[in-house]
Amino acid sequence: MGRKILFITTDQQRYDTLGVNGGILSRTPVLDGLAAEGIRYERCQPTSVVCMPSRASMLTGQFPSTHGAWMNGVPLAVDAPSVAENLHDAGYATSLIGKAHFEPFLDPFGRYVENSLANLGVPTVEQDWFDGRRGVHRGFDHLEFATHGVMGPLHYAKWMKANHPEALGGFYQVLDSDLNVNAAGGGDTGAPQVNFNDVPRDWYHTDWVAERTISWLNRQNGDQDWFCWMSFPDPHHPWDPPKSEIGRVPWREVPLPANYPERADEREALIDAKARHWRAWYDGTLVSNYEAPAKWVPATLTADQVREVNALNAVEVELIDEAIGRVMKFIEAKGWGDDVDVIFTTDHGEFQGDFGFLFKGPYHVDALMRLPLIWRPARSTKPQAGVVSAPVSLVSLAATFLEVAGQPAPVWVEGASLPLSDDDARARSFDSTVTEWDSALFGVDVHVRSVVTASHLYSEYKPGTLHDGSEGELYDLADDPLQRVNRFSDPAFLDTRATLHERLLAHEERPGERAEPGVVMAPV
Amino acid sequence: MWGVITRPESIPDWFPGITSCTVEGNIRVITTASGLEMPEEILTNDPLLRRFAYRITAPMYKFHLGVIDVIAIGENDSLCVYSTTAEPDVLALIIAGGTRDALLQIKRLSENGVRE
Chain F
0 MGRKILFITT
10 DQQRYDTLGV
20 NGGILSRTPV
30 LDGLAAEGIR
40 YERCQPTSVV
50 CMPSRASMLT
60 GQFPSTHGAW
70 MNGVPLAVDA
80 PSVAENLHDA
90 GYATSLIGKA
100 HFEPFLDPFG
110 RYVENSLANL
120 GVPTVEQDWF
130 DGRRGVHRGF
140 DHLEFATHGV
150 MGPLHYAKWM
160 KANHPEALGG
170 FYQVLDSDLN
180 VNAAGGGDTG
190 APQVNFNDVP
200 RDWYHTDWVA
210 ERTISWLNRQ
220 NGDQDWFCWM
230 SFPDPHHPWD
240 PPKSEIGRVP
250 WREVPLPANY
260 PERADEREAL
270 IDAKARHWRA
280 WYDGTLVSNY
290 EAPAKWVPAT
300 LTADQVREVN
310 ALNAVEVELI
320 DEAIGRVMKF
330 IEAKGWGDDV
340 DVIFTTDHGE
350 FQGDFGFLFK
360 GPYHVDALMR
370 LPLIWRPARS
380 TKPQAGVVSA
390 PVSLVSLAAT
400 FLEVAGQPAP
410 VWVEGASLPL
420 SDDDARARSF
430 DSTVTEWDSA
440 LFGVDVHVRS
450 VVTASHLYSE
460 YKPGTLHDGS
470 EGELYDLADD
480 PLQRVNRFSD
490 PAFLDTRATL
500 HERLLAHEER
510 PGERAEPGVV
520 MAPV
Chain D
0 MWGVITRPES
10 IPDWFPGITS
20 CTVEGNIRVI
30 TTASGLEMPE
40 EILTNDPLLR
50 RFAYRITAPM
60 YKFHLGVIDV
70 IAIGENDSLC
80 VYSTTAEPDV
90 LALIIAGGTR
100 DALLQIKRLS
110 ENGVRE
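Protein chains in written order, with numbering that gives the first Met the number 0: chain F, 0 to 523; chain D, 0 to 115.
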């Protein structure tokens, strides 16, 4: 019997939403406890700040420019590398319960397994694997899917329609009649993607994901090694947690974020110092990507709306923490407590009011790029608790899972396994991480590459609809942790900029085989 | 190639995600792998022009028109042009991806011996 792996992800969760990371709105005792027992990473970056490329990197251990799912709506090739296939080969039972999103959501024809599986009524299907064999879909024996609501063909939506049709109307309608991200406001403040949801807590997708996870775990015998990816759709918008729970965080008492200057002129001065697409989005003259409501203008965002969004987000984070607590309690009751590695993270962050924005896009600052990451190694390994401040990336997860399973990292993995300490990070040269952005949708393309070191965050904009290839952003993380002062054109930072540019060049020129970039099949 | 296109009931063989269909007169109802049923109206099925045109009339589409033309370009070669116009934009993007892969499948079926 080896070490079992519980991999927990959320969707669109900021670093500072956890108590252990300095968050003050949500109570997160379960995750704080896991961090106290294990390793907490202070600077974990995604490979992309949107779901599909980032999640594909978790599964493949590759950057988007390698695995080919370079923007939302580009499916990860069905025979792309998958760490779950390697774990399956190593004898692990494998499951993914909750939000997958390696394949487009908007898929009325049901072309993709994720969207047809619930209708087929089987736990998985056989597909081509990366090594030419055939096997369970992406290496998972069991798949049960959920996303941010009750529309569509996934398992949670079907369960709600079959069992609780009276509660469907309480959920926010994520898309509008044009199938764009809905800009309609709700709640007390009229904030976009906010809604009071009458659904009882037990029926909400957070609890459903935990219950389905427990159900799958309960079917594993005691000696079976398993890899379970428990993937919560929250706290991604819409912000429509069960109304019964919203009193936990009264929005009127929520302080404004440190990076939300209340005066518009102050906000606008900060935005104007950044690359030009920031201000274009703020004013509503250009929406560069699908992930934010096309008809919403960030300049209209009010301080109270920021407070209400952050309050509801905090409620969703608390519900997730409690759901994780139930699963951990079940694991202890099964007698597996000492043999399970728990890794918690998310796919990318969320503005939550920073600089006057909500949602996400090609804006590489900590709001979207600094992620919570906790690794509680199996107690049987007598782990040394600690904090890693060196920059690490989600691209390291696949190699980490394989190391836990006692398996070698295959040649296709681009990220080394996570360091256990800063000393380990130094010894293995964890000194920078890269985040990529490429999008081309409805006539607008944007291409960004960013590198984060212990001291700086540096972005270059390649030529696109708005950028001519000469723009960039450079932030000194020590003097300017909120990334308000763009040093890209500051002569005093020319050497720093040159060094970081070399890091990006090295990333572009890294060795290894790249998949053909995939085709955009849907906007998300 | 036209032998594939002209049979409205053949669409599950070549359009990705469509698992079955029924055809009654000029109404075709397709069922997708996710269990969704979508009605369509066949507008043209002209063996002289070798043109098949249809509309998806499901309410999610504000507008849809699909036209498939088969043009002879040699004794044994045909050019297939599959044009789709759709609203809203999001659905146009999705159907564009499906159309692209449908063309590839029509090519495979045609080259595997389905003759006019």
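I should point out that these hints are in silico values taken from the structure, not numbers from a laboratory. Check before you lean on any hint, since a few could be wrong.
Partner residues aside, some chain D positions facing chain F, computed with beta carbon under 8 Å [claimed, not checked]:
| no. | residue |
| --- | --- |
| 1 | Pro11 |
| 2 | Gly16 |
| 3 | Gly65 |
| 4 | Pro87 |
| 5 | Asp88 |
| 6 | Val89 |
| 7 | Leu90 |
| 8 | Gly96 |
Listed next, the in silico DSSO-like pairs over lysine-lysine satisfying Cα-Cα at most 30 Å (straight line) [to be verified]:
| no. | chain 1 | residue 1 | chain 2 | residue 2 |
| --- | --- | --- | --- | --- |
| 9 | D | Lys106 | F | Lys160 |
| 10 | F | Lys242 | F | Lys333 |
| 11 | D | Lys61 | F | Lys294 |
| 12 | D | Lys61 | F | Lys157 |
Think of the CB as a built atom: it goes at the ideal place given N, C-alpha and C, for glycine as much as any other residue.
Now for the hints, and whether the structure bears them out:
1. Pro11: This interface hint is violated because 11 Å lies over the 8 Å limit.
2. Gly16: holds, 3 Å
3. Gly65: violated, 13 Å
4. Pro87: holds, 4 Å
5. Asp88: Interface hint status for Asp88 of chain D: holds (6 Å vs cutoff 8 Å).
6. Val89: holds, 4 Å
7. Leu90: holds, 6 Å
8. Gly96: holds, 4 Å
9. D:Lys106 - F:Lys160: violated, 40 Å
10. F:Lys242 - F:Lys333: violated, 33 Å
11. D:Lys61 - F:Lys294: Answer holds: Lys61 of chain D to Lys294 of chain F is near 19 Å, not above 30 Å.
12. D:Lys61 - F:Lys157: holds, 26 Å
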